[in-house]
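**Q** Single-letter residue listing:
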Amino acid sequence: MLRLEFIVKKIGQLVVTIFAVASFNFLLFRVLPGDPIRLLARAGRLTPEAIDRLRQLFGLDQSVVTQYLYYLRNLATGELGISFTYRQPVIEILQERISNTLLLLATSTVIVLIIGVSAGMIAAARRGSKIDSSLVITSLVFWSLPTFWTGLVLIIILGVYFHALPISGMSTAGADNLTAFERILDIGKHILLPTITLAIVDMGQFMLITRSTLVDVLTEDYILTAKAKGLPSRKVLWNHGLPNALLPILTTTALYVSLIVGGAIQVETVFSWPGMGRLMYDAVLRRDYPILEASFFFTAATVILANFITDILYMFIDPRVREA
Amino acid sequence: MNDTSSFPKQESFMKSTWKLLWADPKGRAGVILLIFVLLFSFLGPVLFPFNPKDMATTSKEILQAPTAQHWWGTDEMGRDVFRATLAGSQVSLVVGLMATLISIIIGSIVGLIAGYYQGFLGNVLMRITDFFLVLPILPLIIVLAVLFGQSFTILILVIGLTSWSGTARIVRSQVISLRERQFIDRIRSLGASDFRIIGVHILPNVLPLIFANTVLVIAGSILAEATLAFLGLGDPVHVSWGTMLHYAFIAGAAGRGAWWYLIPPGLGIVTIVLAFTLTGHSLDQILNPRLRKY
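Protein chains in written order, with the numbering used here: chain A, 1 to 324; chain B, 1 to 294.
Treat the hints as calculated values from the structure; they're not laboratory data.
Virtual Cβ for every residue (Gly too), placed ideally from N, Cα, C.
Just to be clear, a hint being listed does not mean it is correct.
[Claimed, not checked] From chain B, some residues computed to sit far from chain A (all C-beta separations above 12 Å): (1) 14; (2) 98; (3) 186.
[Said to hold, decoys possible] Derived pair list, reagent style DSSO-like, types lysine-lysine, alpha-carbon separation capped at 27 Å: (4) A:227 - A:130; (5) B:26 - B:15; (6) B:26 - A:130; (7) A:130 - A:235; (8) A:130 - B:19.
Pulled out of the complex, with its shape left as it was, chain A reads as follows:
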């Protein structure tokens, strides 16, 4: 019963937040900056008749409230307008790009989690040692690296100097008659540099989260009990420390989804990866407002959804939440 109540409450929060993002988006693109016609048509000089026609076409002759309601309806039905540069419905462009971004994010997040969490465990287990402090400092250095610059440096070293890896795109141009296996191998080669970049930059963050959470857990009384009853420290760490640290790590990770999305935009830009991030960068350069508007809403909604899923997962793993 309590569990159901929790889920209902979380769903309510999810709906309110997504609604707030949608309204915020509307406010940003339709109300705040100057003349929407200029934004929508992006044309220098228009005759007054043409302006009137455009106003009617986009419903801008209606009141703001009516426009808002239309906007919500269009959003709900997936009508996100037509891109200025691609002359194609925005929703179709997004559908093409989203899977490429997810592939990149999934690969790099798995690597980041494995390396980051293990490094954090090592540091926490040997808290105060030389290994610990050098791991912490390494993490802070990695954290200080701008993602886009790390990508550029890797391009110079691994791409240009050593010619080891392809530096741009998702597949080799012109290589059309490949077998399925060769195609996967080709994408695998292209995904390596962007993934390494994201892994380097985000790894430090996850190491620090894991370390501080584990250090918190390792000072708890039940850890002292486990040690007192003579358990070897390795067992204390694996059987008592890590399981209890996993939950806070999970929640903090959800908060970093926003950071990971930011990293993806930069990496996709640098490596011309045909995903949402590169789409946003191109839209910025060409001032393609419908694309920008839709991709902002989409990324925000995804991040919010990821946080929602974490909350629900948390409830299933942690029995304490059900009672609270």
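Starting from the known structure of chain A, fit chain B onto it as the hints suggest.
**A** Here is chain B on its own, set in the frame of chain A:
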């Protein structure tokens, strides 16, 4: 930590904080880097002034590798990368500092109010804070910068107005624990107004925490500016390190192997961000009561 009595006089408090900071290898490295960066960005442009109109006269001087005349090579217009890097440091630093000021003021006020008034007002403020906390920051500031134009002021405002939620959360949780302390109860029973309690008795106790957080936020703001500028949203007049890297990227410096054009501005960003991160991290461990036990 037991009530105000454990807080020594202001001067000795600062002195002891400084001692702890200097004793921590991270803190010491951060402070030394910070001094280095400040000297670099304030003395550098005076000693080696940069003239953006000083372009190449021959094609040989375009994207030229380091020579005796151009220590760090030239860019795609044949300008000296060393002098451009020195000039760019101030822009990055000023945008980062100003944006942080805005962010910290908003975050502290929201945190103080939300922590003190835990009823309806506090709840509403925390909902807004959480909203900003989950919004993907980079897409948000990209959209804002695109809509409001590219200028120094807009960059500062956009970064400052979107990055305060972390500070608000940290300040709030500290205020909540302070609020429950006995000395606040006693002052309240003496008839002090809420405004006085927050301003005179709570704020001074959270200031150290706010200070540590400020140093960390500066690092984040400088990174945010660099990223926005790299994506082509920097101020075209005040060229920062991010803007330099934007032009380098557009000119295909990476693919052409022009490392001398990419390394200096990027390394500058890393150094400055690392300096603030190391110092802030160390300060946080000294001043944040939640971390102090380790």
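**Q** Could you work out which earlier hints the structure fails to respect and list their numbers in ascending sequence?
**A** none
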